[in-house]
Amino acid sequence: MKRITFLLLVFCAPALAVTFTDDEARKIAAHGPWPAPWTPDPSNRVSGNASAIDLGERLFFERRLSVNGEISCSHCHLPERNWSDGLPRAVGLAEVDRNAPSVVNVRYHRWFGWDGAHDSLWAQSINPILDPRELGASAARVAKLMRGDSDLACRYRKTFGPAPGADDEKILVDSAKALAAFQETLVSGRTAFDEFRDALTRGDRAAMTRYPEAAQRGLKIFVGKGACDVCHVGPAFTNGEFHDTGIAFFIRPGEVDSGRYGGIKKLLADRTNLLGPYNDDAKRSTAIGTRHVSLEHRNFGEFKVPSLRNLESSAPYMHNGSLASLRDVIKHYSEISPDRLHSDGEAILKALHLTPEEIEDLTAFLGTLSDRGGTYKRRPFPQDCR
Amino acid sequence: MRALLVALLAAAPAAQGACELPGGEAQKIESPRHVVLYRTRPAPLKVGQHFALEFAVCPAPQSVRVDAWMPEHRHGMNYRPTVTVTGEGSYKAEGLMLHMAGKWELVFEVRAKDSVERVAQVIRLE
Numbered sequence: 001m002k003r004i005t006f007l008l009l010v011f012c013a014p015a016l017a018v019t020f021t022d023d024e025a026r027k028i029a030a031h032g033p034w035p036a037p038w039t040p041d042p043s044n045r046v047s048g049n050a051s052a053i054d055l056g057e058r059l060f061f062e063r064r065l066s067v068n069g070e071i072s073c074s075h076c077h078l079p080e081r082n083w084s085d086g087l088p089r090a091v092g093l094a095e096v097d098r099n100a101p102s103v104v105n106v107r108y109h110r111w112f113g114w115d116g117a118h119d120s121l122w123a124q125s126i127n128p129i130l131d132p133r134e135l136g137a138s139a140a141r142v143a144k145l146m147r148g149d150s151d152l153a154c155r156y157r158k159t160f161g162p163a164p165g166a167d168d169e170k171i172l173v174d175s176a177k178a179l180a181a182f183q184e185t186l187v188s189g190r191t192a193f194d195e196f197r198d199a200l201t202r203g204d205r206a207a208m209t210r211y212p213e214a215a216q217r218g219l220k221i222f223v224g225k226g227a228c229d230v231c232h233v234g235p236a237f238t239n240g241e242f243h244d245t246g247i248a249f250f251i252r253p254g255e256v257d258s259g260r261y262g263g264i265k266k267l268l269a270d271r272t273n274l275l276g277p278y279n280d281d282a283k284r285s286t287a288i289g290t291r292h293v294s295l296e297h298r299n300f301g302e303f304k305v306p307s308l309r310n311l312e313s314s315a316p317y318m319h320n321g322s323l324a325s326l327r328d329v330i331k332h333y334s335e336i337s338p339d340r341l342h343s344d345g346e347a348i349l350k351a352l353h354l355t356p357e358e359i360e361d362l363t364a365f366l367g368t369l370s371d372r373g374g375t376y377k378r379r380p381f382p383q384d385c386r
Numbered sequence: 001m002r003a004l005l006v007a008l009l010a011a012a013p014a015a016q017g018a019c020e021l022p023g024g025e026a027q028k029i030e031s032p033r034h035v036v037l038y039r040t041r042p043a044p045l046k047v048g049q050h051f052a053l054e055f056a057v058c059p060a061p062q063s064v065r066v067d068a069w070m071p072e073h074r075h076g077m078n079y080r081p082t083v084t085v086t087g088e089g090s091y092k093a094e095g096l097m098l099h100m101a102g103k104w105e106l107v108f109e110v111r112a113k114d115s116v117e118r119v120a121q122v123i124r125l126e
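For the protein sequence lines, the chains are A and B, in the order given. Each residue of the first sequence is one higher than the last, beginning at 1 in the working numbering. Each residue of the second sequence is one higher than the last, beginning at 1 in the working numbering.
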């Protein structure tokens with residue numbers, strides 16, 4: 001009887017459009033589980049703190065943080081646009097040189113910004129507040145707001161203990177730590193790919209067949225012929241590091257974006273880096289990357305490998321937003337010329353020479369990495385803080 | 001055959017004195033002049049995760065440097081490890097990270113009085 005049942009299961013199990021080798025199955029399994037486990041950031045004493053998350057959410061949408069009182073973080077990181085803005089290059093008080101990266105899943109990052117100029121989410125959160133082309137504010141302006149607004153001052157006290165004092169820089173850093181605590185809560189939801197990946201790891205063929213055939217073929221290219229997972233690795237689909245992808249780094253005639261090269265220099269000169277006085281972790285346990293990062297000539301023109309989760313809703317693409325659609329990105333890698341890459345750089349990228357059908361399949365697969373709708377709902381803020 | 005292999009392995013370091021790395025299992029690399037024993041912390045290695053190396057070099061050299069690179073990709077790590085001496089011929093290297101899947105070469109550059117030797121081992125990372 002047992003044998004008959006087994007045979008029935010074998011013959012009734014739905015056929016998959018694509019077969020995956022053991023090696024491919026291992027690579028696919030490495031892109032999960034999702035959501036990935038996470039622990040609070042030891043460099044930020046209010047990471048995971050409910051009061052800090054509440055204050056950070058208010059500050060994220062607070063226009064008075066900008067010099068003209070009109071721009072908040074949410075000006076370029078809109079919840080309805082996957083926390084980006086849909087523009088090639090972000091526009092605050094003026095246009096900046098790079099695409100606004102989504103802040104979804106930033107809790108999993110090691111480096112922040114396209115050039116990795118910051119080594120913590122809270123240090124990164126200071127950058128747009130002070131950048132003259134973004135919010136254009138100053139530590140003094142932020143401190144004045146936090147001290148002068150009774151509600152914000154109350155929430156600061158609830159979060160950090162003492163009331164905002166006379167040290168403007170400390171208040172700026174604390175405000176950024178609250179902003180970071182809020183952004184850490186923005187995690188993308190489960191996707192069709194996650195369902196497939198989990199079904200594959202538990203051997204559930206019936207569940208696996210619910211994954212679109214074109215996406216299955218695209219996934220096989222992703223972990224096979226395309227070798228995309230060499231850089232887009234792990235549950236967040238990024239190794240968190242930096243590469244030259246052959247995208248022009250001229251900003252305007254005669255001026256280039258030095259990418260990671262400039263990012264490392266900025267990082268090491270930044271007093272809010274993890275080796276500096278504002279790291280709340282006395283052991284500096286997350287500062288190992290900052291302590292050991294190596295500045296090399298090849299870093300010139302390298303940019304961070306972005307996560308591919310919720311990719312569909314974060315167009316346009318690349319560090320300068322120069323590619324409008326996912327198909328454009330895939331075609332870029334399909335036709336890439338080695339002449340576009342640094343002569344002293346890595347020898348990783350080669351033209352994939354994908355067929356039009358393969359480009360469609362890969363596009364279909366990447367589409368299944370989006371959670372279709374997101375999970376964020378802005379909560380009604382209680383009016384009084386006591 | 002197994003007994004013979006053990007005997008052969010034992011014979012090589014014997015010429016250079018017993019080579020030990022206390023604290024558990026270790027990988028062994030042998031070169032014409034040196035034996036390197038090492039283990040990673042944590043183990044096993046993962047792509048994009050910082051790790052440290054505990055290692056011993058026999059005979060004890062004047063100095064040793066540690067590096068890793070991907071020969072096929074023509075690049076090294078994005079981080080420069082530091083090596084500290086923890087005893088006679090034993091060391092700890094910190095700040096390493098293999099940031100891509102594939103074939104890496106872990107390299108110990110061993111400086112003795114009159115020579116510099118490159119002792120390397122291939123690591124395949126998935």
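Be careful, since some hints might not be right.
Listed below are the simulated DSS-like cross-link pairs for lysine-lysine, each with C-alpha atoms no more than 27 Å apart in a straight line [said to hold, decoys possible]:
(1) A:377 <-> A:350
(2) A:350 <-> B:113
(3) B:92 <-> A:27
(4) A:158 <-> A:377
(5) B:46 <-> A:225
(6) A:27 <-> B:46
(7) A:283 <-> B:103
(8) A:225 <-> A:158
(9) B:92 <-> B:28
(10) A:225 <-> B:92
(11) A:27 <-> A:158
(12) B:28 <-> A:283
(13) B:46 <-> A:350
Here chain B is said to cover these stretches of chain A; the calculated rule only asks that three of the stretch's residues, wherever they fall, bring their Cβ under 8 Å from a Cβ of chain B [unchecked claim]:
(14) 19–30
(15) 223–233
(16) 237–250
(17) 285–294
By construction, these hints were calculated from the structure, which means they are not laboratory data. Cβ atoms here follow ideal geometry from the backbone N, Cα and C, with glycine treated the same way.
These are the hints, each one checked on the structure:
1. A:377 <-> A:350: 42 Å, violated
2. A:350 <-> B:113: Answer violated: residue 350 (chain A) to residue 113 (chain B) is near 44 Å, above 27 Å.
3. B:92 <-> A:27: Violated, at about 31 Å.
4. A:158 <-> A:377: Given pair residue 158 (chain A), residue 377 (chain A) holds - Cα atoms ~23 Å apart, limit 27 Å.
5. B:46 <-> A:225: At roughly 22 Å apart (the allowed maximum being 27 Å), residue 225 (chain A) and residue 46 (chain B) satisfy the hint.
6. A:27 <-> B:46: Between residue 27 (chain A) and residue 46 (chain B) the Cα gap is close to 13 Å, so the pair holds against 27 Å.
7. A:283 <-> B:103: 33 Å, violated
8. A:225 <-> A:158: Not satisfied, since the Cα-Cα distance of roughly 54 Å exceeds 27 Å.
9. B:92 <-> B:28: 16 Å, holds
10. A:225 <-> B:92: 39 Å, violated
11. A:27 <-> A:158: 45 Å, violated
12. B:28 <-> A:283: Violated. Residue 28 (chain B) to residue 283 (chain A) sits at ~32 Å, over the 27 Å cutoff.
13. B:46 <-> A:350: Measuring from Cα to Cα gives roughly 25 Å; hence the hint holds.
14. 19–30: Since three or more residues must qualify, the claim that chain B covers the region 19–30 of chain A holds, with 3 doing so at under 8 Å.
15. 223–233: holds (count 4)
16. 237–250: Coverage by chain B holds for the region 237–250 of chain A (4 residues, Cβ < 8 Å).
17. 285–294: holds (count 6)
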